[in-house]
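Chemist: Based on the sequences and whatever the hints tell you, model everything.
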Amino acid sequence: MLNDTWDFITGLSAAQLISYFWPFFLFDLTRYVVFDVLILTLYLPRRKRNKQRRAEARKLLFHEKPLVSVIVPGKNEGKHIPRLAESLTRQTYKKLEIVIVDDGSDDDTEIICRKLHRDGKIDQYVRNEVRGGKASAANTALYYSTGKYVIHLDADSELRYDSIETILLPFYMDANIAAVGGDIRVANLSQTMATRTQAIEYFKGISTGRTVSSMLGILRIIAGAYGAFRRDTLDRLGGWDVGPGLDGDITMKIRKLGLKVVHEPHAVCYTNVPTSFRKLARQRFRWDRSMVRFRARKHVDVLMPTSNFRLSNFVATVENLFYNLFLNFKWWFYVAQVIFFYGALLQHIIVVNYLLYTLANLAEFLVATVLLRKTLRKQDLLLFLYLPLMPLYTGLYLRVVRTYAYIMEFIHKASYADRWNPWKVSRVVKKDGL
Amino acid sequence: MSEGVLITGDQNPLHLPAKKATDDTQWRSLDVGAEADYFLLEVSSESEAYRIIGLVRQKLLPAVYLKPLILINRGGDVSKSLQDQVDFVISSQQLEQQLPAKLLDEVESINRRIDALQEQRLKADTNIALRVVRYLYSRDREVEPIASIQNRGGYTFTGIESLFGGHDQSIWQTLDFLNSQHLVQTRFVTRTHQCASCGCAFLNFKETCPQCESEELDADDLIHHFRCGYTAELSDFRQDDRLVCPKCDQTLRHIGVDYDKPSMMYHCRSCDHRFQEPEIVTTCFDCHRTAPPENQIHRNIEAYKLSMLGVNAALYGLDSLFASILERRLQLLPLDVFERFIAVEKARIGRYKVSHSSLLLLDIKGLEEIYLTLGERTSEVYEELANLFYAMLRSSDLISSRNESMFLMLLTETSPDDAKIVEGRLSSGVGELLKASLGASPEIISQIVNVDNALDLTEYLESFLSEHHAE
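Chains as they are written, first to last, in numbering that gives the first Met the number 0: chain L, 0 to 433; chain V, 0 to 470.
Some clues are possibly wrong.
[Stated by the list, open to error] Distance condition first, Cα-Cα at most 25 Å in a straight line; then the derived DMTMM-like pairs of lysine to aspartate or glutamate:
| id | chain 1 | residue 1 | chain 2 | residue 2 |
| --- | --- | --- | --- | --- |
| 1 | L | Lys147 | V | Glu232 |
| 2 | L | Lys114 | V | Glu212 |
| 3 | L | Lys94 | L | Glu55 |
| 4 | L | Lys114 | V | Glu206 |
| 5 | L | Lys50 | L | Asp173 |
| 6 | L | Lys255 | L | Glu318 |
| 7 | L | Lys114 | V | Asp335 |
| 8 | V | Lys260 | L | Asp431 |
| 9 | V | Lys205 | L | Asp105 |
| 10 | L | Lys147 | V | Asp235 |
| 11 | V | Lys122 | V | Asp335 |
| 12 | V | Lys260 | L | Asp105 |
| 13 | L | Lys252 | V | Glu206 |
| 14 | V | Lys304 | V | Asp86 |
| 15 | V | Lys260 | L | Glu157 |
These are calculated hints, taken from the structure and not from any lab test.
Modeler: What follows is the structure in structure tokens.
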């Protein structure tokens, strides 16, 4: 059978290659491999050239020593807080104010946090007896924090020792930067197959993908798990709007103010990701629905030629809609095309696609390795062993979840029924079409 | 036909036929009316009533202090507290006619119980615990705590208050003691905080800043506007008399529908600290001591009812209770048995005329009040006391007690001179023991009597009592 496939490959003409594997060559290879390599060949030397500017920014930061508020909103996250507070004491940047907002926890969170507060390990603990959802908890934290910069952090994350210093530097290099996204890595990567595949995906999507978007000025998301904001900007916006997907939403709102958002690949934050494909599906279902809700509905105005029109915002949204939404449905078209027209060659096409995507993943992994170099750990590098799983993970698993999420959101507005937000909130925002 | 004694504190008593009238002065000096069925109280004011009720209830003879009290109401309201302290209230019109049969039945039922005390009813009761036990027994009811700002403890037991001389702490101590001895059963009513230093229940609970202890705090609700997720303090939303969201300019309409209040925040005006959990402190209105609530006394307030053991104590005295410890250790003899031994010893000495025996009487004044100071530790002190007696007496000596503080010892083959040595050691031993426990030496009276034909124990005891326990 392998011989047949080999014969099939060697016998392919250029036209056949394109017609059988057009999604790979036209879209995935060009966008995620060729384009990324091109951009990074520009980025890396520029980053090197910027070394001097970064050193000056660092001097400015440590000269000014602004108070930085680390806000951690969440429900039932008490068990993570002691470790988080401890890890923050080891930061190279010390002038921090840790504000924990407890969004109606019903476990031991209150006991744990009150003790940490008494012991001076955290600066503020605000307990909301009634759950209001992530946005209200983040806004409560924003209200009671006083720092010039606000870092939004998930409770189950841990920062690299120099992470806060690194995430703050862009603010001192460009006064127009209002938000900086941290580089999210998977903390529990060795735990299960699901966490390993996510770890590889994060390297590609967040580390490389967002660095490239940031370079192009079309970064559309500052992760909720780790992002730094200028307080004045957050105050102007009145904080976060109701999610799910409030991190992408606030990033777009900042862009609409004409301010810049960038990604900082060396500001590392390790976070725990879902450990099973089942739990992961639930998380992605939420994320993917919010893409429809916020890009295709709430912020669709950036596509319109209004007075507030900005090309970068237009491109950011179009790129997002095209690559995630359009190409996702294109993929089903391709599956149908192969089955109906090239049914006889099905097994060869599957094998070749598998090989092509595995090679592409290998290339992307190498790109990420070059980009992240010194911040990578040994276990990160060992992930390359799992690269052959990625075509199945991204090509099948994530596509199925995503397609289902898009359809449910387009037809049923399912994101409003997400238990991630309390119903009292979802009911109101759904009614008001927000 | 029942007959009562009229007590008046009034200058112009009602002159009622067929009733012995006695005025306040006579009343003070005499235990009159021990044989009457009830006392009628005719007074001009409530304070007068309290005074006279106090006089009655603090008399020594059970037949007098337990007597049913009927208050004649000459019009106007009688306070709840006063109603609780007397057994019945009747109007003066009712008095003109026959007393109601129902009332007389109840009077009779109280008197039946007093009669059950038999000869004890005419023997002086100095022990306040026993008086309470007997009162509860005669009334056959529960004594309930009544909230009162007149009492430092915040509650009083108006039913038994008049048995005490106005020291409200001793009511608590006595009830605690009775409870510790299982003489009463309790029923939980409520719970209070009392000052740990002075027992006062009037405490000012205050919220203070955990950082600077200031009491000058503002509290504001946190508002969460559902629509835009904006969350801030209420004052930020206030615009004239409306609540308007500063983020999206919408007017907030209904709590729970478009906004809610997830929590509350305190703000210290003195040091600007913000916090959700103020520190609570309490300050005593009386002694002004300030302490956190957990350092004050948390006390269960209970209603008390006599237990079966209590009924037993009412009928046969508390002596048995204290004496039981001595009984176990020293084989304390019942008084009548002791009397028999004295009679035998008298006969033996009279017949052979060769030896002397002595009777040693030791009266430790105020020993019955020891539980007021020591509470539950009383039994330990009695245990030590028993050990002391045990060490001093020989196996041929006999011991008995008249009540819990008066001990009688027959020292056989001991001349009064030798008895003096024993007496000296016992007195100083007891004195030291009690001084160590109570912090003050009690008065100890001891007497030595030669056991001979002239000795009549009963007569001797009566004369001793009237000499040393007269009011």
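Chemist: Mind checking the alpha carbons of Lys260(V) and Asp105(L) for me, to see if they're no more than 25 Å apart?
Modeler: Distance of about 17 Å is within 25 Å: holds.
Chemist: When you check the alpha-carbon spacing of Lys252(L) and Glu206(V), does it fall within 25 Å?
Modeler: Cα-Cα ~42 Å, so violated.
Chemist: Starting from Lys147(L), check that the Cα of Glu232(V) is at most 25 Å away, please.
Modeler: Holds, at roughly 20 Å.
Chemist: Is the Cα-Cα distance between Lys50(L) and Asp173(L) 25 Å or less?
Modeler: holds, 14 Å
Chemist: Starting from Lys304(V), check that the Cα of Asp86(V) is at most 25 Å away, please.
Modeler: holds, 17 Å
Chemist: Are Lys94(L) and Glu55(L) close enough, with their CA atoms no more than 25 Å apart?
Modeler: At roughly 19 Å apart (the allowed maximum being 25 Å), Glu55(L) and Lys94(L) satisfy the hint.
Chemist: Check whether the Cα positions of Lys260(V) and Glu157(L) lie no farther apart than 25 Å.
Modeler: Violated - the C-alpha atoms of Glu157(L) and Lys260(V) are around 32 Å apart, more than 25 Å.
Chemist: Can you confirm whether the C-alpha distance between Lys147(L) and Asp235(V) stays at or below 25 Å?
Modeler: Holds, at about 21 Å.
Chemist: Hint check: Lys122(V) vs Asp335(V), CA-CA at most 25 Å. Holds or violated?
Modeler: holds, 17 Å
Chemist: Straight-line Cα separation of Lys114(L) and Asp335(V) no greater than 25 Å?
Modeler: violated, 69 Å
Chemist: Starting from Lys255(L), check that the Cα of Glu318(L) is at most 25 Å away, please.
Modeler: holds, 17 Å
Chemist: Given the hinted pair Lys114(L) and Glu212(V), is their Cα-Cα distance within 25 Å?
Modeler: Roughly 19 Å between the alpha carbons, so the hint for Lys114(L) and Glu212(V) holds.
In summary, the numbered hints that this structure violates are 7, 9, 13, 15.
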